[in-house]
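**Student:** Given chain E's structure and the hints, the job is docking chain B onto it.
Protein chains: 2
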Amino acid sequence: MADKSQRSDVTLDTIVSLCKRRGIIFPGSEIYGGLQGTFDYGPIGAELKRNVKDAWWRSMVQERFDIEGVDTCVLLHPSVWKASGHVENFTDPLCDSLGPSRKRYRADHIEETECSLYRIADVTDGEPKPVEGAEIWAPAKKKAKEFYQTWWEKHLGLEGRRVKLEEVEGSATTGRFSPDDGGRLTDPRMFNLMLSTALGPVEDSSARVFLRPETAQGIFIAYETARAAARRKLPFGLAQQGKSFRNEITPRNFIFRTREFEQMEMEFFCKPEEFCRNGERTDMEWFDYWRNSRLDWYVRYGIDRDHLKFYDHPKEKLSHYSRGTTDIEYLYPIGWQELEGIAHRGNYDLSQHMEHSGRDLRYFDPQVEQHYVPYVIEPAAGTDRAVLAFLCDAYREEVVTRGDEGKESRRVVLGLHNDLAPIKAAVLPLLQNRPDLVEMARKLAADLKRHTNAVYDDTGAIGKLYRRQDEIGTPYCITVDVDSLEDQAVTVRHRDTMEQERIGADRIVGWVREHLSA
Amino acid sequence: MADKSQRSDVTLDTIVSLCKRRGIIFPGSEIYGGLQGTFDYGPIGAELKRNVKDAWWRSMVQERFDIEGVDTCVLLHPSVWKASGHVENFTDPLCDSLGPSRKRYRADHIEETECSLYRIADVTDGEPKPVEGAEIWAPAKKKAKEFYQTWWEKHLGLEGRRVKLEEVEGSATTGRFSPDDGGRLTDPRMFNLMLSTALGPVEDSSARVFLRPETAQGIFIAYETARAAARRKLPFGLAQQGKSFRNEITPRNFIFRTREFEQMEMEFFCKPEEFCRNGERTDMEWFDYWRNSRLDWYVRYGIDRDHLKFYDHPKEKLSHYSRGTTDIEYLYPIGWQELEGIAHRGNYDLSQHMEHSGRDLRYFDPQVEQHYVPYVIEPAAGTDRAVLAFLCDAYREEVVTRGDEGKESRRVVLGLHNDLAPIKAAVLPLLQNRPDLVEMARKLAADLKRHTNAVYDDTGAIGKLYRRQDEIGTPYCITVDVDSLEDQAVTVRHRDTMEQERIGADRIVGWVREHLSA
Chain E
6 MADKSQRSDV
16 TLDTIVSLCK
26 RRGIIFPGSE
36 IYGGLQGTFD
46 YGPIGAELKR
56 NVKDAWWRSM
66 VQERFDIEGV
76 DTCVLLHPSV
86 WKASGHVENF
96 TDPLCDSLGP
106 SRKRYRADHI
116 EETECSLYRI
126 ADVTDGEPKP
136 VEGAEIWAPA
146 KKKAKEFYQT
156 WWEKHLGLEG
166 RRVKLEEVEG
176 SATTGRFSPD
186 DGGRLTDPRM
196 FNLMLSTALG
206 PVEDSSARVF
216 LRPETAQGIF
226 IAYETARAAA
236 RRKLPFGLAQ
246 QGKSFRNEIT
256 PRNFIFRTRE
266 FEQMEMEFFC
276 KPEEFCRNGE
286 RTDMEWFDYW
296 RNSRLDWYVR
306 YGIDRDHLKF
316 YDHPKEKLSH
326 YSRGTTDIEY
336 LYPIGWQELE
346 GIAHRGNYDL
356 SQHMEHSGRD
366 LRYFDPQVEQ
376 HYVPYVIEPA
386 AGTDRAVLAF
396 LCDAYREEVV
406 TRGDEGKESR
416 RVVLGLHNDL
426 APIKAAVLPL
436 LQNRPDLVEM
446 ARKLAADLKR
456 HTNAVYDDTG
466 AIGKLYRRQD
476 EIGTPYCITV
486 DVDSLEDQAV
496 TVRHRDTMEQ
506 ERIGADRIVG
516 WVREHLSA
Chain B
6 MADKSQRSDV
16 TLDTIVSLCK
26 RRGIIFPGSE
36 IYGGLQGTFD
46 YGPIGAELKR
56 NVKDAWWRSM
66 VQERFDIEGV
76 DTCVLLHPSV
86 WKASGHVENF
96 TDPLCDSLGP
106 SRKRYRADHI
116 EETECSLYRI
126 ADVTDGEPKP
136 VEGAEIWAPA
146 KKKAKEFYQT
156 WWEKHLGLEG
166 RRVKLEEVEG
176 SATTGRFSPD
186 DGGRLTDPRM
196 FNLMLSTALG
206 PVEDSSARVF
216 LRPETAQGIF
226 IAYETARAAA
236 RRKLPFGLAQ
246 QGKSFRNEIT
256 PRNFIFRTRE
266 FEQMEMEFFC
276 KPEEFCRNGE
286 RTDMEWFDYW
296 RNSRLDWYVR
306 YGIDRDHLKF
316 YDHPKEKLSH
326 YSRGTTDIEY
336 LYPIGWQELE
346 GIAHRGNYDL
356 SQHMEHSGRD
366 LRYFDPQVEQ
376 HYVPYVIEPA
386 AGTDRAVLAF
396 LCDAYREEVV
406 TRGDEGKESR
416 RVVLGLHNDL
426 APIKAAVLPL
436 LQNRPDLVEM
446 ARKLAADLKR
456 HTNAVYDDTG
466 AIGKLYRRQD
476 EIGTPYCITV
486 DVDSLEDQAV
496 TVRHRDTMEQ
506 ERIGADRIVG
516 WVREHLSA
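For the protein sequence lines, the chains are E and B, in the order given. Just add 5 to wherever you are in the first sequence, counting from 1, and you've got the working numbering. Just add 5 to wherever you are in the second sequence, counting from 1, and you've got the working numbering.
Rather than coming from a laboratory, the hints here were simulated on the basis of the structure. Since no wrong hints were added, every one of them can be taken at face value.
Simulated crosslink set (SDA-like; lysine to any residue; CA at most 25 Å straight-line):
(1) B/Lys238 with E/Ala451
(2) E/Lys469 with B/Pro371
(3) E/Lys469 with B/Glu229
(4) B/Lys248 with E/Ala60
(5) E/Lys469 with B/Asp71
(6) E/Lys87 with B/Pro32
(7) B/Lys454 with E/Asp301
(8) B/Lys25 with E/Asp370
(9) E/Lys25 with B/Pro83
(10) E/Lys25 with B/Gly363
(11) E/Lys108 with B/Arg213
(12) B/Lys248 with E/Phe261
(13) E/Lys448 with B/Lys238
(14) E/Lys25 with B/Phe369
Only chain E is shown next, with the shape it has when bound in the complex:
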């Protein structure tokens, strides 16, 4: 299990409150009191998410010779999820409280839930007593925590892994209690996480389809058509970005675990080792390659290497078809958690779809003159989790000393990579009441906007405007002052160093473009 190191530099509350204050990300359906597990991206957040997606697409598709993009549907034929095993296995164990609340819990999350909510007096006699309005009573809390920890270690092993009913059924007949009402909990029952809907005019079971819980299966379905059209030989990959949906029972931790989320997944089809010739990379070598390559990607876009680590799933916990699964974990403010998973899926998915669809999905390898089903390495990233990681890693608070009097003030900076920064340059007139100055600034902003995402802002004093741009990670602020009208030059302020330099107004577009692509 992940170790429990904590970030001291940033809390989740800090990020949530910045996101709320600047309209970056906020609860979905907010004016109606919210819809649990959904979040909307406002203007700055929408650009940040676009940039994360574009950076992924650029490095996974555009810059490479061996990967193509696809864009497949959210709604797939029901047989897809039977073949993939999702109908049977994509489940979570749930318990109901037999107490007055009748609340339902995700069984493998109860340990954590009770830590924040436990309100009972004692569990020593097996049946705890709720205490009206009582604060958490430390001995009870500790005891309960120990109990659940032992229980889950024994019965489930890793959090996050999908468990089978046999693994949990009847396994906890000794007392487990609701953290809300102290009621005894039922044994866990399995609950499918896929959302379903009825397609077509008649609501019968034949028309019931699932909203995809992952984009990957859409790629497997389209694999042979896409491969043939692109005239691809192994190895090659198909990449896709898009929304997925999971009926999480306890969505939480902001955009970390939501019911509607966005994924960036790539399926890399390669040769099983036995068919490799002349030093071709084997499937396990590709698995290692993608493990490292994906971690490097986060570092390339600004995540501190010390905030990332590999978690290799132990062999005995792997699915029968998998030859390896590694999570890239990020040190979120809530602790080490999965940011991306890289899985060696063997030939499981294609074989299953072959069997269920009756379509031949084998590859004819001209080198060895044989048909076989390719192996697949899958780096699967959560876009929202990546956005959250980039936000956490970019966030810092600084004390700034200004002027001769040494007046101290606090500034919040998002030190985002230039490619990820929602706004690349802000053009700010020093005075809002000078039409000639405003005109020059607006013209400059318009010139920049033809090439990149720039803004014009004159809704405050310059110090305030700088602070606003720092807080959303704008790398360059360009100030037009009274001198600019004379010398046709403007002041560029660098976000990170706060250093300023004077640049000719006619060179500014080139200067910004050059610095952005540096």
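**Tutor:** Using the frame of chain E, we list chain B on its own:
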């Protein structure tokens, strides 16, 4: 109603077959026999769609001072759709056949359906007789067509407008018959087009939410939070792209009408005329502005102006709150059809959400010192419909005369705008068996790929490779030949003119970038 002009240059079948052949767009869940009303985008299609979306975002968000982007959820709180009127009014009239098939039809599409499927012998005696395996019998077809035309003109008016139950109920008691089995059809009943799903662990009605049938309502919900965060004054807009879902009874015409589709919508919040001062644009002037601006956008990206026209909805057919609705129609191979709708929605949506959510969504106008609910102009485009229009307009077949013998051959060209072309440049080695030549070509492709979407292709003879790139709209083919190794120059071939020019290899990246942005 739209006039029935037809395209003679391209048929829908031609586009469908090109898309299938090159893996551009093909049926969703294809290997399982497809899932009606869903389509997947393959490698070339995914890039084309991305480019259409990026072009829209660039001109609607990046280049403008008055529009911000947002990215809101597919799953919204159920109250949203009550407030918006979708629960009550987003319906289609359906009829059931009482014949042996028990098939269900969208009542306002029967006229068209019967033209392709009508298999009955006669309708003169009121109850038609099915004729086993009979071809369409012209007199019966004509009679049925007249009948349905009259019926729909009388009872519904325009196709595409949502009708209320009162408008169709009991209105067609005289015989209407199933085009499949000749059975008498029931009177139309109203059927809601929204797909629903159950969120949370318990499947009760309180947890039932809808998949958005349009992205617009998400914008209205997020309006005040986004406006405040961006410190916006009127007028300004919020733009969004994303998937929407409609349970269309008769999805058809390729990607024109599907159950899962992508939208590009912008809500422009502006001042009602009475609050405008000093020559500010009024709401109706903004309506006109967006009507023209959106049509210009399609022309800017290559659509023939003669293939576009406005269809202004007649005043008496408008919703009570609307002050005007205009469709931009495109001459698809299936006839003139809606490509984008521009609607003056008055203050309807924000007022409804104010009432249902209890949240004050009024704008305080500092100029007139008054609170009021903004008016909204909405240009709403279908991404897939735009993709289809761009494909149809770009498609052409040419007879090419080559060589001294004047040998004629046929080439298919997609004359796409550079910004929309899925692949911008293809680097092709003239000989695949010369390692030095291949190396030079691959290096050139790698250099290009750092800046744009380029490919390397050596899987055929040069003529075939050119033809492949023409067919998917690649503007520049770059050929590396034996001379290239000597003179360090390569041949650039222009897609449209087939003219060739010799360019220094070291200048090629600059040349391509320059020509792409020209």
